[in-house]
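*Asks:* Chain by chain, the residues:
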Amino acid sequence: MTTFLKLIKNPLGLIGLVLLVFFIVIGILAPVLAPPAWENEPYRIPRDGYSSVPKPPSPEHPFGTAEGQYDIYYGIVWGTRTAWTVSLIVVGISALVGIVIGSVAAFYGGVLDEVLMRITDIFYAFPFLVGAMVLTTILGRGLTNVMVALVVLGWMGYARLIRGDILQIREADYVQAARAAGANSLRLILRHILPNAIWPVVVQGTMSMGSIVITAAALSFLGVGAPLGYADWGQLISYARNWILGLYGNPLAYWYVVIYPSIAITLFCLSWNLVGDALRDILDPRLRGTR
Amino acid sequence: MKRIWLLSLALVLVLSVFTLGQEITNPDTIVRIEYGTINTLDPAYSYDTSSGAVIFNIMENLIMWPAGVVDADETDLSYSLATADLLPMLATVTPLVDNGLIVTYPDGSITYQFPIRKGVKFHEGGSLTPEDVEYTFERGMLQDRDGGPQWMLIEPLSGSKYGRLYQWVNDVLGIDTEKGTLIEDLTPEQQTKFYNEAIDPLVEVTTTGDVVFHLAAPYPPFLTILAHAGNWGAILDKEWVIEQGGWDGAADDWAAWYNPGGGQAAEASELYDVINGTGPYMLDHWDPGVDVVYERFDGYWREPAAIKTVVNKKIQEWSARLLLFGRGDADICSVDPQYLTQVMGQPGIVTTLNLPTLGLNPAGFFTSDLNLQGNDLVGSGKWAEDGIPSEFFNDLHLRKAFAYSFEYQTYIDEVLGVAGGYRTHGPVPKAFGWAYDDDPAIYYNFDIEKATAEMKLAWDGKVWDSGFTFTLLYNEGNQGRKVIAEILEKNIESMNPKFHIDVRGVPWASYLDRMVTEQMPLFVIGWLADFPDPHNFVIPFASSTGTFSGWQGKTLVAMFAEKYDPLISAAMATSVQAERAVIYKQIEHISYDDCYDLWLPQVNGYRVQRDWVQGYAFNPIFPDVYYYSVYKAYE
Amino acid sequence: MLAYIIRRLLILPVVVLGCIILVFAVMQLLSPYERLSIYCSNPAELKNIDFDVLIERYGLNDPIYSQFADWFWKVMHGELGWSQSAARPVMGAFMRFMPVSAELALWSALPIILGGIWLGSLSAVKHNKPIDHITRIFAITGWSLPTFVAGLLGLFLFYGILGWFPPGQLGLGASAIVRSSQFVNYTGIITLDAVLNWNWYVFGDAVRHLFLPVFTLAYVSWAMLLRVMRASMLETLRQDYVTTARAKGLEERVVIKKHARRNALIPAVTIAGVTVAFLFNGLVITETIFDFHGLGRWAARAAQTFDLPALLGYLLFNGVLIVFANLIVDVMYAYIDPRVRLE
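Chains as they are written, first to last, in numbering that gives the first Met the number 0: chain A, 0 to 290; chain B, 0 to 634; chain C, 0 to 342.
Possibly wrong hints are sitting among the right ones.
As the list claims (entries may be wrong) - Straight-line Cα separation of at most 27 Å, BS3-like style, residue types lysine-lysine; simulated pairs: (1) B:LYS489 with A:LYS54; (2) A:LYS8 with C:LYS128; (3) C:LYS128 with A:LYS5.
In short, the hints are calculated from the structure, not lab data.
These numbers were taken from a predicted model, which means no experiment stands behind them.
Model the full assembly from the supplied sequences, consistent with the hints where possible.
*Replies:* Structure below.
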């Protein structure tokens with residue numbers, strides 16, 4: 000509770016929190032804000048015609064329409080749900096996997112450490128984007144496979160980070176002291192090492208919440224992310240890229256196609272970064288009571 | 000005061016970009032930006048537009064098409080696709096019946112005689128001889144790589160008996176080469192026998208230095224196959240090819256060069272990355288996937304070209320292309336139809352619309368007797384609301400219902416947009432005016448009432464009562480194809496709440512797989528002309544062995560064999576165009592009756608170029624720009 | 000230390016083998032027809048292809064271990080197959096595209112790592128002052144914007160409107176020079192070769208074309224490095240030994256340089272190592288937008304067109320490069336923090 004209060008007191012953290020709440024609300028209220036055209040396909044963006052040329056904002060389409068006459072407003076609103084789903088699941092699972100593997104490696108050391116780190120290396124050798132592309136191409140497009148690909152290829156960062164931290168902290172004086180005082184391994188891990196080793200991972204996690212959304216957008220850009228017409232910010236942006244230059248004499252003719260999804264992604268990312276930063280400032284025990 | 004200075008400075012900077020009458024960048028170089036992939040430079044191997052475009056500029060054929068001009072100042076559509084209008088190129092006279100160079104014999108065989116031009120030089124120094132011509136065609140046919148273009152020479156020259164070389168080898172030698180895989184094991188004696196009996200007599204050099212082609216039976220489009228634009232007819236320098244490690248022309252060893260790389264590895268051919276022709280341009284270098292550059296050949300047998308260097312850059316990203324093009328750093332640009340509005344109206348850029356095209360792309364194909372094995376597109380696979388049975392599209396009324404359910408005009412207006420389009424029915428494209436029947440009665444138009452009526456008749460009402468569900472796939476990345484599926488979905492579902500169509504995108508790999516294995520109830524794909532004759536279209540669309548028609552399931556294939564194959568052969572049995580026209584129009588009428596395909600609207604051709612590009616030759620059969628006639632100037 | 004390095008090097012092939020096996024296993028999820036499709040994107044070519052014959056010929060129906068063994072034998076002989084998307088042998092494609100990516104990566108790595116470390120230190124030292132907030136927001140906006148949007152907007156502004164930085168690797172004039180016989184291609188890295196050829200026109204042209212992609216890559220990556228560096232610096236600055244050093248009267252600058260920064264570098268080194276991997280991915284998009292014909296662009300096309308030999312080959316190369324990079328990172332850990340035991 001005190002953490003929460005402290006978060007609110009931090010000005011940037013407060014902004015981040017407000018933004019996050021805003022996105023949560025939109026996500027929850029999606030069916031109300033943008034009623035689906037097909038009840039069993041709420042993520043399918045309704046299209047008003049088939050013309051390729053985007054149309055500017057109007058009363059029927061508050062944010063305008065994208066290439067193929069997909070309603071941008073609908074895409075942004077339901078895309079919020081998509082963003083939450085993808086980021087929470089991917090970051091949650093990959094962080095968990097990474098922490099477990101990294102901790103085990105750091106603690107047991109020796110052959111186990113070697114084997115686990117080599118396995119980490121093996122996964123690292125898969126360039127993230129290309130590996131994700133290949134996986135989604137084979138498994139098929141669609142959000143589930145995108146998430147599978149992102150988890151399979153994304154846990155290594157956490158493993159390495161926590162292993163590096165644990166290795167360092169394990170040698171720190173206070174840990175040596177606790178060990179000398181007779182503390183057993185589990186107590187060492189839970190009480191002293193993990194709570195201190197986990198911070199870079201937390202920071203990384205919050206950064207990832209936003210960056211996963213960006214990576215999913217990159218996958219759409221390359222043609223293997225969410226299917227065309229699916230309510231996903233990345234999908235909206237990837238088709239926007241052919242209209243960024245506008246028309247001759249009017250470079251901002253199609254500004255709405257790019258700006259709205261960009262703002263959504265940027266704000267989502269920004270809010271997580273601000274909250275993450277503020278959280279870090281608050282929860283780091285060594286900052287308490289310093290100048 | 001300072002602010003006004005800054006503002007004016009900014010204004011000047013911005014305006015400096017949009018100057019009118021911009022100075023011509025690189026006056027003796029043409030830069031073209033596009034995004035196709037060149038697969039090979041071997042003229043016998045190449046069977047795609049991008050490779051063909053390179054060979055088109057660097058090598059030459061015996062005869063060529065007259066062309067119009069489409070550039071900034073004029074739209075001259077005086078091209079021709081009529082055999083009678085073919086112009087001599089490396090030959091000195093185009094063979095015609097009138098000038099006695101085409102002779103028909105009592106036994107039905109035909110010869111075409113080409114006097115060969117003298118004094119023509121190859122880029123690498125050789126001289127053109129009639130033996131080069133003979134060698135070119137023999138080498139091509141004996142190569143006949145899988146998936147290649149040689150069927151276009153084997154078919155006419157064998158009297159329409161064979162499409163592949165191995166079929167011919169099998170017959171002559173009385174063995175089974177297992178679809179050509181055993182040809183590499185042929186003994187020299189067998190090779191000699193085959194060569195002497197089958198291949199050698201086809202193309203001969205006369206004592207007067209002419210080249211004669213012997214056809215066992217009439218083949219009306221034969222000359223169009225040889226014409227410049229078809230890389231399979233581009234003439235090689237025999238001595239030079241032998242230097243590159245090619246076949247030496249002997250009767251007993253050709254099998255070693257048969258089907259290099261199994262048709263899958265273009266680099267297996269000795270001419271994969273080297274090219275030597277008689278054309279106005281030489282190859283400066285080819286960096287696969289990056290660019291290809293031509294240099295002017297000053298020893299050309301005609302007046303040398305105006306432009307010295309041609310740079311062909313491959314750029315996938317549309318915005319990057321647009322920027323280069325807008326600034327004048329590129330002269331000719333490939334523009335997809337949906338982005339045309341972004342180039343139109345730019346000063347310095349000229350867009351010409353409503354140009355004729357030679358293709359049927361896209362077209363929709365129904366599949367009868369669907370393959371249900373491992374097929375996730377057919378739902379339960381039974382007569383029920385949740386699936387469709389294998390024989391679903393065997394019923395004519397059902398197919399007609401779908402034909403009435405497509406919004407043809409909406410597709411033209413909204414999808415084709417600024418480029419515009421036109422209605423067509425198949426399988427003969429509109430571009431062949433002499434063979435195309437424009438009778439409005441054989442077009443299906445959008446009519447939900449008629450569609451509903453046909454639906455109720457389908458399978459004696461079973462479809463209407465039980466409903467159905469199936470999946471329509473589209474090739475990912477192709478927006479137009481997605482729209483086609485969605486239009487059908489919308490209209491079919493609107494007829495009856497029990498009708499369900501799912502639309503899903505899959506990668507090309509998967510799409511191809513399902514086409515070949517006959518899993519897709521309805522698939523969409525297109526065909527561009529190899530040579531400008533209706534025969535090149537009726538085969539893939541309406542013959543029992545056609546590329547596409549062959550995938551349409553047992554029942555439809557049997558129908559093609561029974562009704563269409565005889566007509567197709569009959570149309571080839573006569574050289575009289577009027578007679579052929581009657582047959583092709585008959586094919587079009589019964590195609591309407593049988594409704595075996597969805598004939599979708601076609602997009603109009605168009606061109607986008609800088610306003611200083613002049614002399615841009617036009618003929619719809621050309622694979623790409625013909626740089627010989629191009630020059631840069633303001634006029 | 001030497002023993003450690005040697006041990007790691009010996010394990011390298013094991014790691015690479017692991018990668019290949021994994022990829023190969025995943026590829027088997029495709030049907031043989033699907034794997035064939037990379038050769039048939041032109042319907043006209045479908046006319047004469049007999050799929051059954053081809054499946055036989057390429058052993059696509061053989062058991063996995065025999066397919067793998069076959070392929071592995073070829074790899075050992077350097078025959079990595081043919082890349083349909085690059086229209087050249089896989090090995091050839093790698094040799095052709097590697098220098099382009101290396102050039103981009105090298106020119107970007109330095110600004111990214113140095114910039115990130117410097118910005119992070121600055122931010123930490125001036126904690127909660129305006130400079131701190133400004134740098135953080137600057138970096139965060141870069142991190143929050145998709146690379147391709149940033150890249151395209153940059154291209155639009157700096158090339159479309161101002162004409163300063165065109166797409167592509169070289170302009171027409173410079174490419175003609177590089178292709179000519181007077182210019183010797185020592186490494187394939189244009190800027191380096193230009194210097195070695197003492198050709199400053201080509202050098203200048205190459206740098207002009209490098210500016211935007213490098214800046215795009217750097218701007219998007221700074222945030223990550225900055226955060227970790229900042230967080231880690233802040234931690235270290237509060238450590239007791241720093242307080243002691245300050246109490247002893249050491250100059251602030253010395254305190255930061257000698258004590259704080261060195262220790263703060265550990266997570267930063269990890270991140271720098273991750274940056275190398277990250278660059279490989281960033282290159283995929285940047286090369287596509289700015290039309291640099293490098294490994295990233297090749298890989299993207301290969302994945303889109305199911306070009307299996309290219310993908311397998313690319314993963315192989317990538318595996319080797321990254322394992323080496325990881326090795327370097329681990330060695331640097333040991334160098335910076337002697338308390339980390341290597342055994």
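*Asks:* Against this structure, judge whether each hint is valid.
*Replies:* Verification of the supplied hints:
Our distance criterion of 27 Å between C-alpha atoms is met by B:LYS489 and A:LYS54, whose separation comes to about 22 Å. Between A:LYS8 and C:LYS128, the direct Cα distance comes to roughly 16 Å. Compliance with the 27 Å bound is thereby established for this hinted pair. Proposed proximity of C:LYS128 and A:LYS5 is supported: the alpha carbons are some 19 Å apart, at most 27 Å.
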